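Asker: Single-letter residue listing:
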Amino acid sequence: MKRKDLLGLMQPSAEEIDEILSLGLGMKERLKKNDKSLDVLAGRSAVTLFYENSTRTRCSFELAAKFLGAKVVNISAAASSVRKGETLVDTGKTLDAMKNDFLILRHPMGGAAQLLARTVTAHVVNAGDGMNEHPTQALLDMLTMRENFGKIAGLKVAILGDILHSRVAKSNLYGLKKLGAEVSMFAPATLMPGGLERMGAKVCRSREEAVEGADVVMGLRIQLERQKSGNFPSLGEYARYYGVNEDVMKYAKPGALIMHPGPVNRGVELTCGLIDGDRSRIGDQVLSGVAVRMAVLSLLGKEE
Amino acid sequence: MIFKHAEAVLPGGIKRCDVRTENGIIAEIAPEIEGEGIDLSGLTLFPGLIDMHVHLREPGFERKEDIESGCRAAVKGGFTQICCMPNTDPVTDNKVVVSYIKARAKEVGLCKVHPIGAITKGQQGQELAAIGGMKAAGAVALSEDGKSVANTRLMANAMLYASDFGLKCLCHCEDAYLSDGGSVHEGLYSTLTGLKGVVRAAEDIFIAREILLAESLGLPVHICHVSTYSGVQLIREAKARGVRVTAETCPHYFTLTDAAIADFDTDTKVNPPLREERDRLAVIEGLKDGTIDCIVTDHAPHHEDDKNVEYEQAASGISGLETSFALSYTGLVKKGALTLQDLAEKMSGAPAKILGLTGGAIAVGAPADLTAVDLKEEWTVDPALFVSKGKNTPFKGRKVFGRVKYTVVDGKIGYEERV
Numbered sequence: 001m002k003r004k005d006l007l008g009l010m011q012p013s014a015e016e017i018d019e020i021l022s023l024g025l026g027m028k029e030r031l032k033k034n035d036k037s038l039d040v041l042a043g044r045s046a047v048t049l050f051y052e053n054s055t056r057t058r059c060s061f062e063l064a065a066k067f068l069g070a071k072v073v074n075i076s077a078a079a080s081s082v083r084k085g086e087t088l089v090d091t092g093k094t095l096d097a098m099k100n101d102f103l104i105l106r107h108p109m110g111g112a113a114q115l116l117a118r119t120v121t122a123h124v125v126n127a128g129d130g131m132n133e134h135p136t137q138a139l140l141d142m143l144t145m146r147e148n149f150g151k152i153a154g155l156k157v158a159i160l161g162d163i164l165h166s167r168v169a170k171s172n173l174y175g176l177k178k179l180g181a182e183v184s185m186f187a188p189a190t191l192m193p194g195g196l197e198r199m200g201a202k203v204c205r206s207r208e209e210a211v212e213g214a215d216v217v218m219g220l221r222i223q224l225e226r227q228k229s230g231n232f233p234s235l236g237e238y239a240r241y242y243g244v245n246e247d248v249m250k251y252a253k254p255g256a257l258i259m260h261p262g263p264v265n266r267g268v269e270l271t272c273g274l275i276d277g278d279r280s281r282i283g284d285q286v287l288s289g290v291a292v293r294m295a296v297l298s299l300l301g302k303e304e
Numbered sequence: 001m002i003f004k005h006a007e008a009v010l011p012g013g014i015k016r017c018d019v020r021t022e023n024g025i026i027a028e029i030a031p032e033i034e035g036e037g038i039d040l041s042g043l044t045l046f047p048g049l050i051d052m053h054v055h056l057r058e059p060g061f062e063r064k065e066d067i068e069s070g071c072r073a074a075v076k077g078g079f080t081q082i083c084c085m086p087n088t089d090p091v092t093d094n095k096v097v098v099s100y101i102k103a104r105a106k107e108v109g110l111c112k113v114h115p116i117g118a119i120t121k122g123q124q125g126q127e128l129a130a131i132g133g134m135k136a137a138g139a140v141a142l143s144e145d146g147k148s149v150a151n152t153r154l155m156a157n158a159m160l161y162a163s164d165f166g167l168k169c170l171c172h173c174e175d176a177y178l179s180d181g182g183s184v185h186e187g188l189y190s191t192l193t194g195l196k197g198v199v200r201a202a203e204d205i206f207i208a209r210e211i212l213l214a215e216s217l218g219l220p221v222h223i224c225h226v227s228t229y230s231g232v233q234l235i236r237e238a239k240a241r242g243v244r245v246t247a248e249t250c251p252h253y254f255t256l257t258d259a260a261i262a263d264f265d266t267d268t269k270v271n272p273p274l275r276e277e278r279d280r281l282a283v284i285e286g287l288k289d290g291t292i293d294c295i296v297t298d299h300a301p302h303h304e305d306d307k308n309v310e311y312e313q314a315a316s317g318i319s320g321l322e323t324s325f326a327l328s329y330t331g332l333v334k335k336g337a338l339t340l341q342d343l344a345e346k347m348s349g350a351p352a353k354i355l356g357l358t359g360g361a362i363a364v365g366a367p368a369d370l371t372a373v374d375l376k377e378e379w380t381v382d383p384a385l386f387v388s389k390g391k392n393t394p395f396k397g398r399k400v401f402g403r404v405k406y407t408v409v410d411g412k413i414g415y416e417e418r419v
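Order-wise, the sequence lines are chains A and B.
The letter at position 279 of the first sequence is residue 279 when you use this note's numbering, and the numbering goes up by one with no holes.
The letter at position 304 of the second sequence is residue 304 when you use this note's numbering, and the numbering goes up by one with no holes.
Chain B extracted, bound-state conformation (with noise of 0.2 angstroms):
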């Protein structure tokens, strides 16, 4: 197939040329190649988005969301590759389970799906999970999801075992003691709400555990959604020393501030929560410098019921598969805080790298993994259009550029929008 007369984001530059895959590769890129072809006039190419950070809820919650409505919703955001975490029902934390979600999302056949295996078994924080069985059966990655290994013991055999299999652990940073059941950031707003706050230190003392282990150790280590200031800080530090350290954010935190949960919309509660606009303008630095490598939605679905009660009692986190270009192209790069390159690296080549997969680029040889978009145009976001079951977002009624037009993966038309 030939994809033609786009603004193509090259590893060298933005070129306008066609790109020729063939069996699932790329295999020629030129500035003009005979044939017939799709033409993709006034749309900007991207390398397949991936997204190392989703969750797909299945099995166990698929009144939540559930593998195909979950890889439905990737492709319309853009996405190619996902990562799913493995807080499901059984937990992600053997090679069945792994096994199964390959499976399925093979059956479904939209986008490329890698599990991420639990750390410890059924993220009870006590022994190690099946880790050698699960990198044979396809996970890609180790996280015990939503919460730190509190053992620090336990945490550092777990990098020095999973670095044994070639995996490494994305570390979801929280000081259970500390954050204590709170769901909105401690300041002004817990106050004005009267809702129960975290202070940044709860993220931050896990974030610096993990540094420190993964210094000592000599190992690598991802940092998951990096919401704080001082987390930014630690982690630009922690590389400028030399430590194998990589870091994501979401785009709700380079977004939104605290000022968000004012009206108890539960759709603002997410884990870590909205901070201040300090730390959003810190996490935009640490995406421009380098210190934070990826950008990530902890896509996380929620049923309706599961979200309309008390915010203390609402369950925590934001679907955004379908939001996740569009935000962070209108707050990224229209503010002119990243190149279109830039935003190709955080999207596509920087989890391809932290993770090992294939992609991540428009080269010949590679996965023909491609994302069509419109810089230009705006929407707003609603909902209700949403494919995900997750219709949770803070983002609603919200207007923002960038509309994914065409997700191609592995050479076929995974998602074409339809007007």
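Chain A on its own, in the form it takes in the complex (with noise of 0.2 angstroms):
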């Protein structure tokens, strides 16, 4: 992989996808053997800056760093903070002058990883920015796909739930199509952005036209947030009519997988059953994000 940056997975080749899920795939093996120590990143050093809460995504991104053997800072910043103090670009310029050689940024708005990744000399990953991207999250859903079914091309995808907000659908829907993939929509039409058939989504309008012969089926999570602005009435009237249960799995193909980018709001985008059941990867994905930042890391380091 040539590039500086991990900004998104609209950029990327599927040649370069390609590249990071392979060596994604060795150190998924390496991790479950417990092997924790390589040192392609000894001597690097990477902040993680994160202006939105998360738990799993920067603990993942972290570790990932640890276990290549570089040094880590975590820095959190309020998203207050964003509005009130040091702007993202002087902050950029701060921790570059520091000589870092990984920002590792999460943030509420869409574009903030590329203003970073045009003020700073590290390298930049991005870790979620508004509803923008997510590709380290579509990297390790696809990881997961890879090792199930041992390939991605001819998988039928569905995704379900909040499309509108979601960065992670985005990144899926470009780094699926891109390894040929089909992916299939389905969300509230309150929560259903335009243009998707244009980007290559297959845009459905139920549940069941959603799953029907789907190999992956993926629920995002629902905030409650979105309730209040008035996208739908109640958790419980989304569960009903839009949540993914047994039922609707019926259409999907035996045996297809149950994921989701977590943390999941049990009994609402996918059913308590299908969670714990045996067809779920929710668990085995957060190994695979391990896993994957490490191959991103990796990659983006070696070019030096």
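Please keep in mind that the hints were generated in silico from the structure rather than gathered at the bench.
Just so we're clear, the structure is a prediction, and the values are computed from it rather than from any experiment.
Treat the hints with care, since some could be wrong.
Stated by the list, open to error - A partial selection of chain A residues facing chain B, derived with a Cβ cut-off under 8 angstroms:
#1 Ser76
#2 Met109
#3 Gly110
#4 Leu115
#5 Gly130
#6 Leu179
Said to hold, decoys possible - Listed below are the simulated DSS-like cross-link pairs for lysine-lysine, each with C-alpha atoms no more than 27 angstroms apart in a straight line:
#7 Lys228/A with Lys147/B
#8 Lys353/B with Lys288/B
#9 Lys15/B with Lys307/B
#10 Lys151/A with Lys202/A
#11 Lys93/A with Lys307/B
#12 Lys307/B with Lys4/A
#13 Lys228/A with Lys93/A
#14 Lys93/A with Lys391/B
#15 Lys412/B with Lys396/B
#16 Lys76/B with Lys307/B
#17 Lys335/B with Lys412/B
#18 Lys93/A with Lys4/A
#19 Lys93/A with Lys396/B
#20 Lys76/B with Lys396/B
#21 Lys33/A with Lys93/A
#22 Lys307/B with Lys288/B
#23 Lys396/B with Lys4/A
#24 Lys302/A with Lys2/A
What the hints assert, rightly or not - Footprint (simulated), chain B over chain A, 3 or more residues, beta carbon under 8 angstroms:
#25 87-99
#26 191-202
#27 216-225
By construction, the Cβ of each residue, glycine as well, lies at the ideal position given by its N, Cα and C atoms.
Dock chain to chain to rebuild the complex, using the hints, since each chain is given by itself in its own frame.
Answerer: This is the structure:
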């Protein structure tokens, strides 16, 4: 991979994504054997700069960098400080002046990772920017699929939930399409953005249509604040008319996998039976996350 | 002074002639006038351009622009008269601020500056501003600028009360509940960027309201910076049934689409947002068929710090005075949508008529406001060369035709290009 930053999956080629996944699979094998002692980033430093709350993504990046031998510093800025304090550009310049090699950014606004990448010489990894992209989440989803099915090409992936506010759905759409999968999407009309067909998704009118023949069914997190802003009446009504349950899963291929980027609202996006059942890969996705982030950091760091 | 050998865009057609000015007035137009003068051979002479929608930022935001830098940008762009919006600090909602702007512009002495007063006190949408006092101090129109007056009863009262003083309301049209903080047009590119989108209806609903109010009250109204195909159609239909509605648009709405936002360049952030190709074409069609009366810049200069931030945090607006003529000539006349005479009407004649300003035509007895342009000269937009403090333009690097060489205000040369 010949790029300074990983800002999304819109820009990288299928070959680059494939390279990350292949290396990620190897990393995952090591992790399964509890091998955490690589040194490819020994002598380097990484900063996680999180302007939004996150437990798993931040922990996953921190562990990935540490397992590769890098020194890691964590900075969390409350979302409010984005409006009050130092600008992102100035914060980036400061961290750059300290000779950091990697800046891993989580930010509530779309395009923030691009802005930071233009400002600094360090490698920028987008850990989620607003409603734009969350490339490593999509990569870990794809790594999990590839591990289970042996390949991505030809898979049918159904994504259901709050598509409008989901950077995960978009990064998955870009990555999966590039590797030859089909992607169908379903959401309440209030949470479905325009233009998805032109981006290659199959936009569906019902849960059943979306899940029909799917190899993978992915639920997206519903945030309660969306209810308060009038997008749907209640979580109960969401679960009843838009959630994925055992009846809906009858339309999927036998043995279709259940995935979710987490954290899950139990019984809302997916029934508890599906979350905890045999077909769920939600726990396994977490390990894929550490592995694929190790792959991304080592590939970005390699060019030097 | 005599301006010689120009191709002059006159009310009756384009003629090669000499124009003699005396005491700030056009005294004579003839094929050949005896005497020394400025040779305008090869240049086209327009009536002094008028921009009825500009932000000069003074008082209050002098870091972005001040009256002097704004007037320098205006005359460099060929403008002899500009009207400045009231979103200053303090808000231009009383005669003191109106008088200050007029006095400061007179000191600067580059072009004519006409303040526009706020419709409500502090632009807060609660009580009428001091409309009579502002008119007495020299305000030429009213505008809530940057937002609509949400309370329809108050807006109706504003139109009625303003009519007693011969003032029109210039309406920024936006349903703030619907736009809800969105920063780009809602469509493919809002989905691609994940930036919160604004549907056309957020603009159209208030265009329709202002039209219906004007129709119901039998009063005139002016719609600011039309950007949607559906808004153009609302205005077209209203004009057809006799509503006294006029409308403006800006070069960015007939030049760019929302595709320009794809890499998060905050210089593309403007309100209303850049829309789709069908909107761009409809705006051009509206200019062609007279639905849209005039071209304004909505010149909105910002400091670099207001733009070098996250897209959603960035200030809205484009620094437009120094590119407006070239973009309009290149995008409309060279493409065959408008004639040179149409362009003179859209950028000078119509704004004068809408606001009742003197000027707007090259005619004996009119103010000696003239803009001489080399239409053949191609140049590249380089914000570093702007005299405005606002370097924020999505047109950086774009090649355009039409270079302003002289701007003459009341018979005096306000700008002369020095190479």
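Asker: All hints are to be evaluated individually against the structure, with a verdict given for each.
Answerer: Okay, the hints, checked on the actual structure:
With a least beta-carbon distance of about 17 angstroms to chain B, the hint placing Ser76/A at the interface is violated under the 8 angstroms criterion. With 8 angstroms as the threshold, the beta carbon of Met109/A comes within range of chain B, its nearest partner Cβ sitting at about 4 angstroms, so the hint holds. Annotation: interface hint on Gly110/A holds; nearest CB of chain B at approximately 4 angstroms, less than 8 angstroms. Because the beta carbon of Leu115/A sits about 6 angstroms from the nearest beta carbon in chain B, less than 8 angstroms, this interface hint is met.
The beta carbon of Gly130/A comes within 5 angstroms of a beta carbon in chain B, closer than 8 angstroms, and the hint placing it at the interface holds. Interface hint at Leu179/A: violated, since its Cβ lies 19 angstroms from the closest Cβ of chain B, which is beyond the 8 angstroms cut-off. Only pairs whose Cα atoms come within 27 angstroms are accepted, and Lys228/A paired with Lys147/B is accepted, the gap being roughly 25 angstroms. Proposed proximity of Lys353/B and Lys288/B is supported: the alpha carbons are some 18 angstroms apart, at most 27 angstroms.
For the hint linking Lys15/B to Lys307/B, the alpha-carbon distance of about 45 angstroms lies beyond 27 angstroms, and the restraint is violated. Between Lys151/A and Lys202/A the alpha-carbon distance is near 21 angstroms, which keeps this suggested pair within the 27 angstroms criterion. Note on Lys93/A and Lys307/B: the hinted pairing holds, with a Cα-Cα distance of about 17 angstroms set against a maximum of 27 angstroms. Proximity of Lys307/B to Lys4/A is assessed by CA-CA distance (about 24 angstroms); at most 27 angstroms being required, the pair is judged to hold.
Straight-line distance between C-alpha atoms of Lys228/A and Lys93/A comes to about 38 angstroms, which puts the hinted pair past the 27 angstroms bound. The straight-line distance between the Cα atoms of Lys93/A and Lys391/B is roughly 22 angstroms, inside the 27 angstroms bound, and the hint therefore holds. For the hint linking Lys412/B to Lys396/B, the alpha-carbon distance of about 31 angstroms lies beyond 27 angstroms, and the restraint is violated. Only pairs whose Cα atoms come within 27 angstroms are accepted, and Lys76/B paired with Lys307/B is accepted, the gap being roughly 24 angstroms.
Between Lys335/B and Lys412/B the alpha-carbon distance is near 33 angstroms, which puts this suggested pair outside the 27 angstroms criterion. Under the criterion of a C-alpha separation no larger than 27 angstroms, the hint pairing Lys93/A with Lys4/A is consistent with the structure, at around 16 angstroms. Among the hinted pairs, Lys93/A with Lys396/B is consistent with the structure: their alpha-carbon atoms are about 25 angstroms apart, no more than 27 angstroms. Between Lys76/B and Lys396/B, the direct Cα distance comes to roughly 17 angstroms. Compliance with the 27 angstroms bound is thereby established for this hinted pair.
About 39 angstroms separates the Cα atoms of Lys33/A and Lys93/A, which puts this hinted pair outside 27 angstroms; it is violated. Pair hint Lys307/B plus Lys288/B does not hold up; C-alpha atoms about 34 angstroms apart against a cutoff of 27 angstroms. For a cut-off of 27 angstroms, the pair hint linking Lys396/B to Lys4/A stands: about 26 angstroms separates their Cα positions. Annotation: proposed proximity of Lys302/A to Lys2/A holds, straight-line Cα distance about 9 angstroms (limit 27 angstroms).
Using a Cβ-Cβ cut-off of 8 angstroms, 3 residues of the region 87-99 of chain A lie near chain B, which meets the minimum of three, so the contact claim holds. Coverage of the region 191-202 of chain A by chain B holds [criterion: at least 3 residues with CB-CB distance below 8 angstroms; count 6]. For the region 216-225 of chain A, the stated coverage by chain B is violated: 0 residues have a C-beta nearer than 8 angstroms to a C-beta of that chain, whereas at least 3 were required.
This entry does not satisfy hints 1, 6, 9, 13, 15, 17, 21, 22, 27, going by the numbered hints stated previously.
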